[in-house]
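Asks: As you go down the protein sequences, you meet chains H and X in turn. Under the numbering used here, think of the first position of the first sequence as 1, with each following residue one higher. Under the numbering used here, think of the first position of the second sequence as 1, with each following residue one higher.
Since the hints were derived computationally from the structure, they do not count as laboratory data. Errors might be hidden in some of the hints.
Every beta carbon over 12 Å from chain X, so not counted as near; a handful from chain H, in silico [to be verified]: (1) A56; (2) N57; (3) E60; (4) P86; (5) A105; (6) H119; (7) K203; (8) A210; (9) G299; (10) N311.
Label-pair distances were calculated between CB atoms; the ranges are [claimed, not checked]: (11) H:T326 <-> X:N107: 32 to 38 Å; (12) X:Q134 <-> H:N104: 16 to 22 Å; (13) H:T190 <-> X:T45: 33 to 39 Å; (14) X:G182 <-> H:Q43: 19 to 25 Å; (15) X:T312 <-> H:Y306: 47 to 53 Å; (16) X:S254 <-> H:R183: 36 to 42 Å.
Covered by chain X, per the in silico footprint, the following chain H stretches (three or more residues, Cβ under 8 Å) [claimed, not checked]: (17) 66-78; (18) 87-99; (19) 149-155; (20) 161-168; (21) 273-282.
We put the CB at the ideal spot given by N, CA and C, even for glycine.
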Amino acid sequence: MKSIRLLLALLAAALLAPSAQAQLFRAYVSSAGLDTNPCTLTQPCRLLPAALTAVANGGEIWMLDSANYNTGTVNVTKSVTILAVPGVVGSVVATGGGDGIYINAGGISVTLRNLVIVHLTSSVSGVYFVLGDSLHIEDCEFSNMGAYGLLAIASNATVTVRGSTFRGNATGLRLNGVSALDRVRIVGNTLAGIVATDGASLKVSDSLLADNVYNVQVSAQGFSPARVAIVRSILTGGFYGLYTFTAAAAGVVEASISDSNLTNHTTAAIHAQNFSGGTLNVSADTNWIAHSGTGFGFGSGTPTIYSRGNNTLRFNGTDVSGGSLTPFSTQ
Amino acid sequence: MTLSGTLGRTLLAAAALFTASGANAQVFRAYVSSAGNDANPCTLTQPCRLLPAALAAVADGGEIWMLDSANYNSAQVDITKSVTILAVPGALGSIVATGGGHGISINAAGVKVALRNLVIVHLTSSQYGVNFVQGAQLHISGCEISGMQQRGVFASAANSTVTIRDSVIRDNVLYGVSAGAGSSAALDRVQLRDNGSYGLFANGAHVTLSNSVVSGHSYGITAFGNASQNRVSIEGSVITGNTNGVYATASGASDFSEVTASRNVFSHNSQAAVQAIQGSGNVTVVVGANLVAENGVGFSGQGGATYYSRETNTMVFNTNDLSGVTLTSLSGQ
Chain H
1 MKSIRLLLAL LAAALLAPSA QAQLFRAYVS SAGLDTNPCT LTQPCRLLPA
51 ALTAVANGGE IWMLDSANYN TGTVNVTKSV TILAVPGVVG SVVATGGGDG
101 IYINAGGISV TLRNLVIVHL TSSVSGVYFV LGDSLHIEDC EFSNMGAYGL
151 LAIASNATVT VRGSTFRGNA TGLRLNGVSA LDRVRIVGNT LAGIVATDGA
201 SLKVSDSLLA DNVYNVQVSA QGFSPARVAI VRSILTGGFY GLYTFTAAAA
251 GVVEASISDS NLTNHTTAAI HAQNFSGGTL NVSADTNWIA HSGTGFGFGS
301 GTPTIYSRGN NTLRFNGTDV SGGSLTPFST Q
Chain X
1 MTLSGTLGRT LLAAAALFTA SGANAQVFRA YVSSAGNDAN PCTLTQPCRL
51 LPAALAAVAD GGEIWMLDSA NYNSAQVDIT KSVTILAVPG ALGSIVATGG
101 GHGISINAAG VKVALRNLVI VHLTSSQYGV NFVQGAQLHI SGCEISGMQQ
151 RGVFASAANS TVTIRDSVIR DNVLYGVSAG AGSSAALDRV QLRDNGSYGL
201 FANGAHVTLS NSVVSGHSYG ITAFGNASQN RVSIEGSVIT GNTNGVYATA
251 SGASDFSEVT ASRNVFSHNS QAAVQAIQGS GNVTVVVGAN LVAENGVGFS
301 GQGGATYYSR ETNTMVFNTN DLSGVTLTSL SGQ
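In isolation and in its complexed conformation, chain H is listed as follows:
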């Protein structure tokens, strides 16, 4: 009983702390808020930096109505969930040649939900994840960034993205850690949809990649292997569907793609190339590959493309070019 009372007292203290110094479990921002307020529900703040100061480590920031909530790069250095309540647009701009949200502190876990992160005048990345333990993105939109919608380079970190859109950025996402993308729409990014590099362990499922010049690009320079699995996804338009390469003799790339549909790639639906030696294995299972310059393209350095022999290829300039598929069996 005593401990429950203590717990309730602590909870009350955490949730209702009225003083400017005590940190809140929930901090609130609204279009009518003021940054001199304590960021409570009845006295919300206006912009994210004030709310981030007010919120306790591990807490939440709620955007209460449709508005923009920053004026410069938002620096996140504690574990926090930032969300717009359902029914509103919670906007963050990347402007002044900076990033929208910059996450940079060891061990923190950050969740972004129902946010719209857009380029204004001059931007680098929508979200730049430099250091931290995990980043979870749900139902967000990233558009028109100068460099990346999401740039995640934090080592030994986990990134998940669910139900979000990356549109019209130079590159949609650049990832080099453990990442999972589910039901993500990545369209019209002028350089690449997804770039996965050394250290990447990436799974992409049930997603649409359309008209990115490189829909998915996987590469390794020899620091650590890059591994990507793509399942049940649509890759269409642009020069390449899945473009894999190693850039050094020590580079290792392992990519698999299954149950996916790859069409209308000017150069190749799937391309593998060892520029300077290296180890490159691609496996393909039950894909449909059509209307592309090449279906499976082998570049230099004898990469290996394994096939279950159950991929359907038609209407390509060449189905298989520059090498031969290596069969592998069910077990």
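Given chain H's structure and the hints, the job is docking chain X onto it.
Replies: Chain X alone, transformed into the frame defined by chain H:
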């Protein structure tokens, strides 16, 4: 707590960025609401009422937010700059196509336009819901486009990219979505329903349709090779209750229509699940891993149209599984 110098500057910057009050300065975000006034500067605190005022106020590459449920135009909305137009979630952002015009017409080289969470409906007399005449990209998500006297979406912009996702396009009289002139269109999780003649119509286009439903048309998905070349891929979709589920033609000698259909369900299409009519050109259809049931004919062809099968199609309860065609087995690779 006092306002620090930095915070004060930040707030001033915020005010400058988001509440620009000069009538001439263009805003990154322009706002419209049911209580707005077109004499306003289209800011959050002083929103405009209709889209034309907001389009004049917004900067190239900016956004227009519809803040509450209302209709936001009185005549065709002409877009000549890159812009995202959205209704905030929970609000119904309506646009009418009326006076014999289109709902939205997009016509300027290189522009990128995104439409999100909009409802575009026919009022009295209309042509198209969205007419994409010229531009680089059009992205439609979470929209409903219905009742047009001609077409729901007409994408004729040359060399353009069109994506449509999570949207319903229904009850338009002639066409649901038509794509032509070298446009590249990807439709994902779209419902095309009861558009009188054509659900999805490709005439010189590259089209991918996935995870979608196509029902209640004379021609569900058409690759119309008439002075044009079409590349159509249909993946993971349900094509049901049309007269013809897929209809592919190639009239002239240089025309072709190439269609792949994988992992779909074709059912209750009264004439044929897939109808391939080859004239002087080439019609080629590749089918695999489809369930084809309760259709008049499963796979039908005329004029020497070619069918390839991966032999993993399940065909049951069709009046005839095949008519006028033989399936050429295609090996996996």
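Asks: What hints, given by number in increasing order, does this structure fail?
Replies: 4, 6, 8, 10, 11, 12, 14, 15, 19, 21
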